[in-house]
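**Student:** The residues making up each chain are set out below.
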Amino acid sequence: MGGSPTIGSVFAQRIVVGVGDMAVSNNTNMIISTYALGSCVGVVVYDPFVSVGGILHVMLPDSTLSPDKAAMQPSMFADTGWRVFWQSLVSLRAEKRRVKVVIAGGASVLSQSDMFKIGERNAAAIKRILQEEGIPTFAEELGGLNNRTLHLQLKTGTVEIKYPTGTKQLELKEPHES
Amino acid sequence: MNLDNIIAQVKRLPPNPQIMLKLLRLLQDINTNPNDIVELIRIDAPLTAQVLRLSNSAYYGVVTPSFNLEEAINRVGFRETYKLVGVVCSSQIFNTPVQTYYLENDQLWENSIATALVMECIAQRIGSDPSHAYTIGLLHSIGKVIMNQVMADKYAEVYALLEKDKLSVMEAETQVLGFNYSQLGMALLKKWNFPPEIYEPIEYHFNPMEAPTQQLHACALHLATCVVGGVGLNYGRDAWAIKAHEEALQKLGLQFEDVERFLLQIHERLNDIKALLMTGKQKS
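Chains F and L, in that order, are what the protein sequence lines are.
Just so you know, we're using my numbering here: the first sequence kicks off at 7 and counts up by one.
Just so you know, we're using my numbering here: the second sequence kicks off at 340 and counts up by one.
Since the hints were derived computationally from the structure, they do not count as laboratory data.
Among the clues, some could well be false.
[As the list claims (entries may be wrong)] When the alpha-carbon atoms are kept at most 25 Å apart in a straight line, the in silico DSS-like pairs for lysine-lysine are as follows:
(1) F:K174 to L:K503
(2) F:K102 to F:K161
(3) F:K123 to L:K503
(4) L:K361 to F:K123
Isolated chain L (complex conformation):
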């Protein structure tokens, strides 16, 4: 089945996070003028308001709130601003029940933010680009939102097979539907002009060793999904239907003990950003 055709059938596509793509390009470019970032965000009035709100949250230890976007961005820094925009965009995409996967209200959003943070930790550890890694983690489940709209009626069969034959969600979806949600996510991000650096690790996050060009971040995302489960944020009926590939750990140059250390690290970071997420949630 052609993935583009499936996406064309979707009545309500999730909001396109183009702003993230544009900001990511600006972040990668050393010649970027700080004003470009301010101007880009300012075009979008609701986004500007939310970035201001979030940048004034207790998370940043703000005493005197700032009502000026330029000042707020300078205070938290560009990379952090990018993450704030990510929090806003992802809440628009994921802050919804996704019945097909037994996900309530904001569970997919929490999972996406946590995955993004784990990806950032792994990137810092292995020395890859943390903003790319963050984006990959944040958007990795976007295919679930599509699947929920187009395949909900066939999904009972997926669970039956998954539970009977102890298959991973990727295997069960592929056997029943002919494709899986990570491929749907890839197709959508490709359609939205995201680069292979973002969509390829998402497409291959269940079978990272097969990723043609982005193996490192595919392995990182593979590991991140397990780590996020370890802090209780893999929700839904397929939460643990993952086949872990040990080679992914070797490819990242990590040991088993590192996995446990990531768990501790992410648990701490999640505690830290709780205040920030509450601020994001109130608005969405």
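Next up, chain F with everything else stripped away, as it sits in the complex:
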């Protein structure tokens, strides 16, 4: 679960966020990573002014599916996940007007079938929440046939999005903010 990093993770210099989990930090030595986003959606939030950031790894769009599970592991669902994620960021002095947000993942099967549209539904749920919050996205890397891995470097605000065939890099901190 999220909240401030533990002593162990400070020494490890890297927090790995599992499926249905989240992490936030203001330790600029830290890299926060999440692996193999398939139909899951990863939400990266970064406040360049205070170098605070985090990753939320959402597996399902809506907590009404299992309120019990949501109580135990809120980050599993887009709605409850966003709430705990945002509260944790705010507790580290992130501010809405400054944050930059990247969303990635939400891969889907090829057909038009409704059987497995969880990727699209996860992406739609997160976008709706961000819109309600009035937070624009800095970049969106959604859909497609591949899994993605995300790394966020808190010091530089660099986000790496890794695909099986290559890496895309985004800078969430302007040079004058360093």
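Since chain F is already given, all that's left is putting chain L on it; use the hints.
**Tutor:** Structure of chain L alone, referenced to chain F:
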């Protein structure tokens, strides 16, 4: 192209999991004597050692480890023993990089174990045989290991077509190579004398409604591949190049919401067995 000829060309076939086939037969037979199972595993000394290790793992809440196979098997139960043997066999087959599909080290193994667990969940839900379902899930990607050896040089063309025309991996492989990895897997398992209950769902897992006799488990495997992707364990460049057939869900008597529930269930089970898999991984 004749699939048997292709398999005959393979220089290093994956290790034959005959022990699973034999154990599966014993599990299905109500007259099986528990000693038969112990004797069958005991013949294979490395397997015995690994089953002992795994049965003593934290997953089973073991306080006092057991060094006696009979005792260990009695403690975890026969069905669970079968799954442990599956963990060992599959790690020998799949714990290897499969470059053709952009799979690193143990990614195909993790995917196989997760698929086996989802298959077991679905079987429990629809009331079919969970050990058969587990085996189907565990071995469903064995064709990839063969494809990696015989067709690696032609595979760039498969990806080009797959990405250009938005084809499923099955369609792209069939167009470029004349066959696909699920058919290769079927041919190999058939050669190894696995029954149609196992190889047919694997052959038809991309087009389950066409399965002649094993439609239910073909549909289950079709759904399982999607669910496993949903917890992030479909790796490789073709991870989501699947065309989902909604009829499969109807055939299983399931609703869309059930798919999401399977995701939650499998996420929990995978967390539970992490300790077990780490024990399996250290050895392999």
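**Student:** Determine for every hint whether it applies to the structure shown.
**Tutor:** Hint by hint, here is what the structure shows:
{"no.": "1", "hint": "F:K174 to L:K503", "in the structure": "holds (21 Å)"}
{"no.": "2", "hint": "F:K102 to F:K161", "in the structure": "holds (19 Å)"}
{"no.": "3", "hint": "F:K123 to L:K503", "in the structure": "holds (22 Å)"}
{"no.": "4", "hint": "L:K361 to F:K123", "in the structure": "violated (39 Å)"}
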